[in-house]
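J.: Listed below are the residues making up each chain.
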Amino acid sequence: MTVLDDRRTVAPPVRQHAPRRRDRSIRGWVRRGGLVTLLFALPMILVFAIYSWWPILQSIWMSFQKTNLITYQFVGFDNFVNVLSDPLLGRAVLNTLYFALLALVFGFPLPIFMAVLMSEVKRMKGLYSALAYLPVIVPPVVAVLLWKFFYSAAPTGVFNTIIGWFGIPPQPWIQDATQAMPSLVLEATWAAAGGSIIIYLAALLAVPPELYDAAEVDGASIWRKIWHVTLPQLRGVIFVMLILQIIATAQVFLEPYLFTGGGPNNATVTVLLLIYRYAFENSLGGKYGEATALSVMLALFLAAASFLYFKATEKWSTN
Amino acid sequence: MTTLTRLPGRPSFRARRRLEAASEPDVERGILSPHDRRRRPVKVGQVLSHVLLLGGLVVVGLGPLLWLAKAAISTTQDTIQYPLQFWPSGIDWANLEQAWVDVEVGKYFFNTIALALGQLVVGLVIATSGAYVLAILRPAYARVLQAAVLATLFVPSVVLLVPLFITVARPPFGPSLLNNYLGVWLPTAANAFNILIVKRFFDSLPQEVFEAAKTDGAGPVRVFWSIVLPMSRPILGVVSVFIVIASLKDYLWPKLVLTDAAVQPLGVRLPNIQSQTELDVTLASLAIATIIPVVLFLLFQRLILRGAGLGGAVKG
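Chains as they are written, first to last, in the numbering used here: chain Z, 1 to 319; chain B, 320 to 635.
In case anyone wonders, no lab produced these hints; they're calculated from the structure. Watch out, some of these pointers could steer you wrong.
Here are the computed lysine to aspartate or glutamate pairs in the EDC-like style, where the Cα-Cα straight-line distance is at most 16 Å [what the hints assert, rightly or not]:
#1 B/K426 with B/E416
#2 Z/K66 with Z/D78
#3 Z/K148 with B/E597
#4 Z/K148 with Z/D176
#5 B/K574 with Z/E281
#6 B/K426 with B/D579
No experiment lies behind these values; they were computed from the predicted model shown.
Looking at chain Z on its own, in the form it has when it is part of the complex (with noise of 0.2 Å):
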């Protein structure tokens, strides 16, 4: 954390001017500025205490309890134990990681590339950027229900038509147990690939033009400045990126709950899904305590990635 501070190492703390002979009572703590510090600080105190620490210790104590929301009773690992022993756990695993890995491999190279085009673009760089955005602006679930719209298995469903211009059969889309998931990919990565593509178009403007010079004045074709200048200065936003998409789509929840709910076939259960499924949606009662130990499980793999996240920009950050 220290190293977001960087400018206290060089200003000195303003406190070092209060008086030299420190009254340590409460008249002197008050007549320092003291009380009003804290009264500055306590909407943030108070709303972090209850809505976000005490919910964070909460977590790791209920996944070790059995509770209706009235009462509560110790059950050591055996909320862990049913989560674990869940036949849909695997499935759900595996749902997302696969959701993962199609994201990764369609939705996290195309910000990159389309964010090299548009940079060299000199008019109108604004009109390139606003439409790129603008499905990022559209609220979730308005283009989860407008794409739902556009996957309609009927020969004149939106993008059936589209594909029947070239000449491929209708296809069932989300109705499918194996096309599920891609449609889900495909509606995710046009959500989102606008945010990417102004983050890398950020970063584009901070590499420094005379590494180009440079670059040509060695001979160095256009690919070759993108493959040896343009993409190693990118490495820093690249991994920051990778992990932040894999720390987001480990907690898809919002597509396969209002495209399929986790259909066709279980084959878009996500183990987010899982968790609300457990907790909001089961009709003997909340399972609470199974659901707060799979989002106990599943934070405790993303800490991990997070960890990494912040590692690797500390690094790039200091250069």
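Please build the complex by placing chain B on the supplied structure of chain Z, with the hints as guidance.
T.: For chain B alone, kept in the frame of chain Z given last:
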């Protein structure tokens, strides 16, 4: 103009114009050098890639929205049978009215706005007051506080889902916040990312100004209100846009907290509307739900795009 002499032959008028454009101080040159840009294959490739890029972006980025706008005023028949017909057989304005009045989209629309505005106010208060403490007032406990706040960035939101829901539904003290907008505003205000970017901006403000104000007898409240906030307009704009757009895009949390249809925002309501109404009215409702974010985007395009890039810079 030295580049002119290097060119073989006499440049045509267009080439000269382009040359003049290229020899202007080109501060942000990219991968292609002015020399590259003059080569014919590169020029052709440039034009070709730009046309493809622009065409692709229009179709992929704008296309679905234009389609939605058309479908919102077309009949169900048209939309189902000829979804890609350019011109509908007739314009059905009644869809919008039906959606707004009969399906009560109007009510949910205002719920959306109320929810977003409240989230903006609560979020800004927390982010600015918190960042003020961490960056400028810096009490003895600031380091611990900052570590505790930033540590929450490491915790993926999934781990909070159930315990946070229980905290909001059955708080240890006070009434349940289910079906209360505070149940959405307060948890979303506990956003370490917003505090971090505001704090970074406050860090960059000149300390001497605060020292001078202090010598002139301004207390911390006055420094905050009359100096720090007015100097921070750019970052407050960015954070405001972040908060409002996040609010408009949020689905799962408001859905869990706001179970009563009467208080739900439009986004949460849409799946129900879709399952209960005719297609043309559903699509009209979707179009209405897209209006606020798109208008916001058109109004604050530069700010939003800069903010999105900045998000990467801060994340990175």
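J.: If a hint holds in the structure, say so; if it doesn't, say that too.
T.: Each hint, compared with the structure:
no. : hint               : result
1   : B/K426 with B/E416 : 13 Å, holds
2   : Z/K66 with Z/D78   : 9 Å, holds
3   : Z/K148 with B/E597 : 15 Å, holds
4   : Z/K148 with Z/D176 : 13 Å, holds
5   : B/K574 with Z/E281 : 13 Å, holds
6   : B/K426 with B/D579 : 13 Å, holds
Comparing the model with each numbered hint stated earlier shows that all of them hold.
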